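Trainee: From just these sequences and the hints, can you work out the full model?
Listed here are the chains, written in short residue letters.
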Amino acid sequence: MADVVGPGTGAAGAWHADGELLAVYAAGRLDVAGTWSVEAHVTSCAGCRELAGALVEPERLRRGRAELIATVDMPHTGVAERLLVRLGVPDHSARLLAATPALRGSWLLAVATTLAFAVLAARLGSGPDASLAFLTVAPLLPLAGIAVAYGPGIDPTYEIGLAAPMRSFKLLLLRAAAVVGAAAVLAAAASLALPGLGPGAAGWLLPALALTACSLALATLVEPLRATGISAAAWVAAVLVTVQQPGPSSVLFAVRGQAAFAILGLLAAVVVLLRRGRFESDRAFDTTPRFAVRRLR
Amino acid sequence: MSTYPDHTGSGGDTELLAAVAEGDPEAFGTLYDRHASWLMLRLRRRTADLDLVDQIVQDTFLVVWRDAGRFRGSGAVGAWLWGIAIRRLLDVQRGEAAQGRLGRLLGRRRAPDAASAEEQALAALEHRDVIRALNRLAPELQAVLQATVLDGLSTREAAALLGIPAGTVKTRAMRARARLREELAGA
Numbered sequence: 001m002a003d004v005v006g007p008g009t010g011a012a013g014a015w016h017a018d019g020e021l022l023a024v025y026a027a028g029r030l031d032v033a034g035t036w037s038v039e040a041h042v043t044s045c046a047g048c049r050e051l052a053g054a055l056v057e058p059e060r061l062r063r064g065r066a067e068l069i070a071t072v073d074m075p076h077t078g079v080a081e082r083l084l085v086r087l088g089v090p091d092h093s094a095r096l097l098a099a100t101p102a103l104r105g106s107w108l109l110a111v112a113t114t115l116a117f118a119v120l121a122a123r124l125g126s127g128p129d130a131s132l133a134f135l136t137v138a139p140l141l142p143l144a145g146i147a148v149a150y151g152p153g154i155d156p157t158y159e160i161g162l163a164a165p166m167r168s169f170k171l172l173l174l175r176a177a178a179v180v181g182a183a184a185v186l187a188a189a190a191s192l193a194l195p196g197l198g199p200g201a202a203g204w205l206l207p208a209l210a211l212t213a214c215s216l217a218l219a220t221l222v223e224p225l226r227a228t229g230i231s232a233a234a235w236v237a238a239v240l241v242t243v244q245q246p247g248p249s250s251v252l253f254a255v256r257g258q259a260a261f262a263i264l265g266l267l268a269a270v271v272v273l274l275r276r277g278r279f280e281s282d283r284a285f286d287t288t289p290r291f292a293v294r295r296l297r
Numbered sequence: 001m002s003t004y005p006d007h008t009g010s011g012g013d014t015e016l017l018a019a020v021a022e023g024d025p026e027a028f029g030t031l032y033d034r035h036a037s038w039l040m041l042r043l044r045r046r047t048a049d050l051d052l053v054d055q056i057v058q059d060t061f062l063v064v065w066r067d068a069g070r071f072r073g074s075g076a077v078g079a080w081l082w083g084i085a086i087r088r089l090l091d092v093q094r095g096e097a098a099q100g101r102l103g104r105l106l107g108r109r110r111a112p113d114a115a116s117a118e119e120q121a122l123a124a125l126e127h128r129d130v131i132r133a134l135n136r137l138a139p140e141l142q143a144v145l146q147a148t149v150l151d152g153l154s155t156r157e158a159a160a161l162l163g164i165p166a167g168t169v170k171t172r173a174m175r176a177r178a179r180l181r182e183e184l185a186g187a
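Residue numbers (the working numbering), protein chains in the order written: chain Z, 1 to 297; chain A, 1 to 187.
In case anyone wonders, no lab produced these hints; they're calculated from the structure.
Predicted model only: the values in this text are computed from it and were never measured.
All C-beta atoms in this analysis are idealised placements derived from N, C-alpha and C, irrespective of residue type, glycine included.
You may find that some hints are simply not true.
[Unchecked claim] Quick list of simulated restraints, FRET-style, between CB atoms: (1) ALA23/Z to GLY186/A: 28 to 36 Å; (2) ALA27/Z to GLY69/A: 35 to 43 Å; (3) ALA23/Z to ALA18/A: 28 to 36 Å; (4) GLU59/Z to ARG181/A: 43 to 51 Å; (5) GLU59/Z to ALA138/A: 36 to 44 Å; (6) GLU26/A to GLY19/Z: 26 to 34 Å; (7) GLY69/A to ARG86/Z: 19 to 27 Å; (8) GLU67/Z to ALA178/A: 45 to 53 Å; (9) GLY19/Z to ILE164/A: 33 to 41 Å; (10) ALA262/Z to GLU26/A: 53 to 61 Å; (11) LEU50/A to GLY277/Z: 49 to 57 Å; (12) VAL92/A to GLU20/Z: 31 to 39 Å; (13) GLY19/Z to ARG132/A: 21 to 29 Å; (14) VAL92/A to ILE69/Z: 17 to 25 Å.
[Stated by the list, open to error] Some chain Z residues flagged as far from chain A (calculated, every beta-carbon gap over 12 Å): (15) ASP18; (16) ALA40; (17) ALA66; (18) LEU109; (19) ALA112; (20) VAL119; (21) ALA184; (22) ALA232; (23) VAL236; (24) VAL251; (25) GLY265.
[To be verified] Examples of chain A residues lying across from chain Z (beta carbon under 8 Å, computed): (26) TYR32; (27) TRP38; (28) LEU41; (29) GLN58; (30) PHE61; (31) ILE131; (32) ASN135.
Mentor: Rendered as structure tokens:
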């Protein structure tokens, strides 16, 4: 091993590797003691590290650096997104879901606050009266979530959504399910706090699902915001029309009304399925250009 | 190059790590500029696969980006980085899903005293006798000492790296030390 070289043991004081020694090390021709010596020293000596750095191809370093900075600069994954990923939702779906405006903390807080007021009203007010108010308000919350879950100007990922390698329809269903699920959990928790309502406290659930399905079905005809508005107005009107004063109660929350909502929800779901092609073209969602065109005319 | 003092010593590096822990990409870039090339060079002495080396360095810095706040050591940042890199290499070579394991290892790595141990080894290496003794050591004994002393791996980790039972690592390390003592006594 004629070309094996020993370490440069300097005089007393600071020992430093020189360029030649480092080159021999990099080539793998340094003996064991020399290798150890270099490794132990350079690892904690900035000057020698810089010297050694010149022996690595700059192209590799540049590429590695660019990749790392790109990775690090990616948007921070929030708690919701990480939770979704952990639950087995694929990365891209998790990001789109987590970016749903209606799943952000502020919206959930608004839903929780609304429910809290409804429950408070029910507890303070005369029981049945306020409970009816709760049952009326609860189904509107997922609707509001759906309304803000889509559309330019509201959804920060609207453009991403259009460009996403996922069909808009699938995304729509994903988000709708997530929004309804989140609102339903909160409303279910709230209904537990209602005084003396018993099983009837769940009366908002079927209307909520049916209204959501109706909104989606309507969204194949008009803009999502208008679709949810129509559904919400129809719901409030239906409650007002059917309310019976000795009680007060509404047939909507009785068995017959609930059955009707189940059927309505199923019908709306069928409509959504049949017309799902409408969600693929961006016309149903992109209101801005159409307004612009109208104005130009 | 950056707002961070570009001078020797771990003082600047420790400040850099603190900034990285705060999520400062510029500090992260500077840390990469200072340490990546040496990590690559040193890893290339452990594996011949250049692309694998690049990947290990990437992984190491991603761990740093995530866990920079866990650096508590008074030792050199360079030694800490090496501790992460060598274990990452170990994980890859064992073909494990490294994520969980790496986390466990990071939890109980002994970064603080690693640097001082290496400095001591270096100080000892300045003596010609030790150099000669080390160079005369059988390759398998050298490998064990390198893994346990220089790379700061535990017995179990060294066993995995070298592909031998943990018990063998212990006996070889003992034999290596005995050989060195003999050589030095005889010199």
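Trainee: Does each hint fit the structure? Answer for all of them.
Mentor: Structure-based check of all given hints:
1. Taking the beta carbon of each, ALA23/Z and GLY186/A are about 34 Å apart, inside 28 to 36 Å as hinted.
2. For ALA27/Z and GLY69/A, the hinted distance range of 35 to 43 Å is satisfied, since their beta carbons lie about 38 Å from each other.
3. Distance hint for ALA23/Z and ALA18/A: a CB-CB separation of about 34 Å, consistent with the stated range 28 to 36 Å.
4. In this structure the supplied range 43 to 51 Å holds for GLU59/Z paired with ARG181/A, their Cβ-Cβ distance being about 47 Å.
5. Remark: the range hint 36 to 44 Å for GLU59/Z to ALA138/A is upheld by a beta-carbon distance near 39 Å.
6. Roughly 29 Å separates the CB atoms of GLU26/A and GLY19/Z, a value that falls within the hinted 26 to 34 Å.
7. The hinted range of 19 to 27 Å is satisfied by GLY69/A and ARG86/Z, whose Cβ atoms lie roughly 22 Å apart.
8. Checked against the given bound of 45 to 53 Å, the beta carbons of GLU67/Z and ALA178/A, roughly 47 Å apart, stay inside it.
9. GLY19/Z and ILE164/A have their C-beta atoms about 37 Å apart, which keeps the hinted 33 to 41 Å range intact.
10. Look at ALA262/Z against GLU26/A: about 58 Å separates their beta carbons, and that is inside 53 to 61 Å.
11. In this structure the hint that LEU50/A and GLY277/Z lie 49 to 57 Å apart at CB holds, the actual value being about 51 Å.
12. Checked against the hint of 31 to 39 Å, the C-beta distance between VAL92/A and GLU20/Z comes to roughly 32 Å, which is consistent with it.
13. Checking the proposed 21 to 29 Å range against GLY19/Z and ARG132/A shows it holds: the Cβ atoms sit about 25 Å from each other.
14. A C-beta distance of roughly 23 Å is found between VAL92/A and ILE69/Z, which places it inside the suggested range of 17 to 25 Å.
15. The beta carbon of ASP18/Z is kept farther than 12 Å from every beta carbon of chain A, the shortest such distance being approximately 15 Å.
16. Not every CB of chain A is more than 12 Å from the CB of ALA40/Z (nearest about 4 Å), against its label as outside the interface.
17. Residue-level check failed: ALA66/Z sits 10 Å from the nearest beta carbon of chain A, not beyond 12 Å.
18. Interface exclusion of LEU109/Z from chain A stands, the closest Cβ pair being 25 Å apart, more than 12 Å.
19. With a cut of 12 Å on Cβ distances, ALA112/Z stays outside the contact zone with chain A, its closest approach being about 30 Å.
20. Taking the minimum C-beta to C-beta distance to chain A, about 40 Å, the non-interface status of VAL119/Z holds against the 12 Å cut.
21. The non-interface label for ALA184/Z is consistent with chain A: the shortest C-beta to C-beta separation is roughly 34 Å, beyond 12 Å.
22. Distance to chain A confirms ALA232/Z as a non-interface residue, since its nearest Cβ pair spans about 42 Å, more than 12 Å.
23. Distance check for VAL236/Z against chain A: the nearest CB is about 47 Å away, which clears 12 Å, and the non-interface claim stands.
24. The Cβ of VAL251/Z sits about 57 Å from the closest Cβ of chain A, beyond the 12 Å cut-off, so the non-interface label holds.
25. With 12 Å as the threshold on Cβ separation, the claim that GLY265/Z sits away from chain A holds: the shortest Cβ distance comes to roughly 43 Å.
26. About 5 Å separates the beta-carbon of TYR32/A from the nearest beta-carbon of chain Z, less than 8 Å, and the hint is met.
27. Below 8 Å, beta-carbon pairs count as interface contacts, and TRP38/A has one with chain Z at about 5 Å; its hint therefore holds.
28. Given hint, LEU41/A at the interface with chain Z, holds; its Cβ is 5 Å from that chain's nearest Cβ, closer than 8 Å.
29. For the restraint placing GLN58/A at the interface with chain Z, the shortest Cβ-Cβ distance is roughly 6 Å, inside the 8 Å limit, so the hint holds.
30. For the restraint placing PHE61/A at the interface with chain Z, the shortest Cβ-Cβ distance is roughly 5 Å, inside the 8 Å limit, so the hint holds.
31. Satisfaction of the interface hint for ILE131/A is found here, the shortest Cβ-Cβ separation to chain Z being roughly 4 Å, below the 8 Å cut-off.
32. Taking 8 Å as the C-beta contact cut-off toward chain Z, the hint placing ASN135/A at the interface holds, the least distance being around 5 Å.
The structure fails to meet hints 16, 17 from the earlier list, while all remaining hints are met.
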